[in-house]
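We have chain A; now place chain B onto it with these hints.
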Amino acid sequence: MLQLARRTVQILVIVFLAIVLSLNLYEGAKVKRDGDWQIKKSGILTFIDSRLASREDRSLITNFFNGNIWSLKVKGFAISDPLAVLSYFIKSKKTNIVFFLSLVIPVFLTMLLGRFFCGWLCPMHILLELGDKFKMFLCRVGLPTYDISIPLITRHIILGGGILLGIFAGIEYFQFIYPPRLFSMVIHDILFGAVLTYGVWFIIAITAFEFLFSRRLWCRNICPGGTLYSYLGNKALLSVEPVRKGCDNCFDCRKVCPYALSPDKGNLDGICDRCGLCISVCDKKVLDYKLSGAGNKSEQTI
Amino acid sequence: MERRDFIKAGLLCLPFAGLSGWLVNDRLEKLSDITDSRGRVYLRPPGALPEKEFISTCIKCGRCGEVCPNDTLNFFDEISSPALVGTPYFIPREKACMLCMKCTQICPSGALVKVESDDGDVISKVVKIGTAEVDKNICNSYNGIACGVCVRACPYSGIALSAGTWEKPVVNVTACVGCGLCEQICIHAPQAIRVKPAQIQRA
Chain A
1 MLQLARRTVQ ILVIVFLAIV LSLNLYEGAK VKRDGDWQIK KSGILTFIDS RLASREDRSL
61 ITNFFNGNIW SLKVKGFAIS DPLAVLSYFI KSKKTNIVFF LSLVIPVFLT MLLGRFFCGW
121 LCPMHILLEL GDKFKMFLCR VGLPTYDISI PLITRHIILG GGILLGIFAG IEYFQFIYPP
181 RLFSMVIHDI LFGAVLTYGV WFIIAITAFE FLFSRRLWCR NICPGGTLYS YLGNKALLSV
241 EPVRKGCDNC FDCRKVCPYA LSPDKGNLDG ICDRCGLCIS VCDKKVLDYK LSGAGNKSEQ
301 TI
Chain B
1 MERRDFIKAG LLCLPFAGLS GWLVNDRLEK LSDITDSRGR VYLRPPGALP EKEFISTCIK
61 CGRCGEVCPN DTLNFFDEIS SPALVGTPYF IPREKACMLC MKCTQICPSG ALVKVESDDG
121 DVISKVVKIG TAEVDKNICN SYNGIACGVC VRACPYSGIA LSAGTWEKPV VNVTACVGCG
181 LCEQICIHAP QAIRVKPAQI QRA
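Chains as they are written, first to last, in my numbering: chain A, 1 to 302; chain B, 1 to 203.
It should be emphasised that the hints constitute simulated quantities derived from the structure, not laboratory data. There could be a bad hint or two in this list.
[As the list claims (entries may be wrong)] Keeping only pairs whose Cα atoms sit at most 27 Å apart, straight-line, the calculated DSS-like set for lysine-lysine is: (1) A:73 with A:93; (2) B:52 with B:95; (3) A:94 with B:102; (4) B:114 with A:41; (5) B:102 with A:93; (6) B:168 with B:95; (7) B:95 with A:30; (8) B:125 with A:93; (9) B:125 with A:94; (10) A:93 with A:133; (11) A:93 with B:114; (12) A:265 with A:245; (13) B:114 with A:73; (14) B:8 with B:95; (15) A:94 with B:114; (16) B:114 with B:125; (17) B:102 with B:114; (18) A:41 with B:102; (19) A:255 with A:284.
One chain only, chain A, in its complex shape (with noise of 0.2 Å):
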């Protein structure tokens, strides 16, 4: 099933960044003068070091991965979230060839296969998704929901007034704001120990907010790098479209799709971030991923 798929790939990715930094930390508290003490402490470090101290190609484990999902390395290749390229490159002015060489591997994926890091790997995205099944289950029980809404060209003012702010005022607020650069503060104070930084609170404040509030309001039109994203995954070759003939006009697609489009006229494109809900929510299975680029395209949606 499709969204126990995308459901699975969501938790892994943030596995996978707590199992990163546990390394990381690992390694460096293995070459400190008190790491023992500091591994001693933690329930996590304690295990790592009870599996991996006696191998001779401990730091090759403990580092292949280094970072988080802002920035990271790959043994020695680095591959960086566009947005903080693009942050960098608007305030610094600088062309730092290695540093931009970092973008290749998700500026390519994002051409492939859309805005895809929004919908499959953002780890964000599974916190606000909670936040519809809340006001769902809020429905339900008779209890009044909200859905706070702004025009869409909003979304394109923050980026591109970010952008002109940054370039011509040495103004850059796109780090400060960006979900993902501050969740692995978020899962640095749940693993080891709390200490409540501006980017926890501000993760909350979000989340508390759509809880309440809107229904996926900051996805659909604030984040700055969900919007750099659906630039680059404009012309996607994998896009969302009916594929098959039968459609009833129920229009159950266009009610679950988050960023209210309309999947059973095809018109999808940069927005999407491919959740592929609408084709799971179909009776008629008339939906489905597709693999060709620009199909027929009535209006377009960036």
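What follows is chain B alone, placed relative to chain A:
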């Protein structure tokens, strides 16, 4: 309809404009202006670019602090200085820098200039965290009690920090890299030798 939407969106972006304006008011020029409630001065990690450049280059990934084997580096978390939040610093009196250069090797954006070598000469050419300064009013050696602990702690002992008569510490301002080991170990409370943040980056 489009114009109304545009105005509505513009108004909704006011919080973001406010946030940006707040960031503008940030004091970015000299990190030495920014002290915490106890008057301690913050230092950047070794190999850091000059402050304005550093803040625009640092992507706040946090990996330098993770890799530091000395638990030296911390990260700003004070919302009062939003442009600084997430950038690394250290306070030498609490934990000085061992000059292992691991943070510079891991920095993905080049905010910390990479130093692969562990040769002291190479390091002293790139690193200029600050300059140590002796407070002769309180330093033991300048007040009749021979000490000299800071000179022994200095990784460039005899070059950056040398002992005169009575073990009086004398700082060579061009040779000192600003690691803060002298400040950390000073046996006087408050410390008689402090690192002043660098004003000019050594090439």
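Each hint, compared with the structure:
no., hint, verdict
1, A:73 with A:93, "holds, 23 Å"
2, B:52 with B:95, "holds, 24 Å"
3, A:94 with B:102, "holds, 23 Å"
4, B:114 with A:41, "violated, 33 Å"
5, B:102 with A:93, "holds, 26 Å"
6, B:168 with B:95, "holds, 23 Å"
7, B:95 with A:30, "holds, 18 Å"
8, B:125 with A:93, "holds, 25 Å"
9, B:125 with A:94, "holds, 23 Å"
10, A:93 with A:133, "violated, 43 Å"
11, A:93 with B:114, "holds, 19 Å"
12, A:265 with A:245, "holds, 12 Å"
13, B:114 with A:73, "holds, 16 Å"
14, B:8 with B:95, "violated, 51 Å"
15, A:94 with B:114, "holds, 16 Å"
16, B:114 with B:125, "holds, 12 Å"
17, B:102 with B:114, "holds, 9 Å"
18, A:41 with B:102, "holds, 24 Å"
19, A:255 with A:284, "holds, 16 Å"
Of the numbered hints listed earlier, those contradicted by the structure are 4, 10 and 14.
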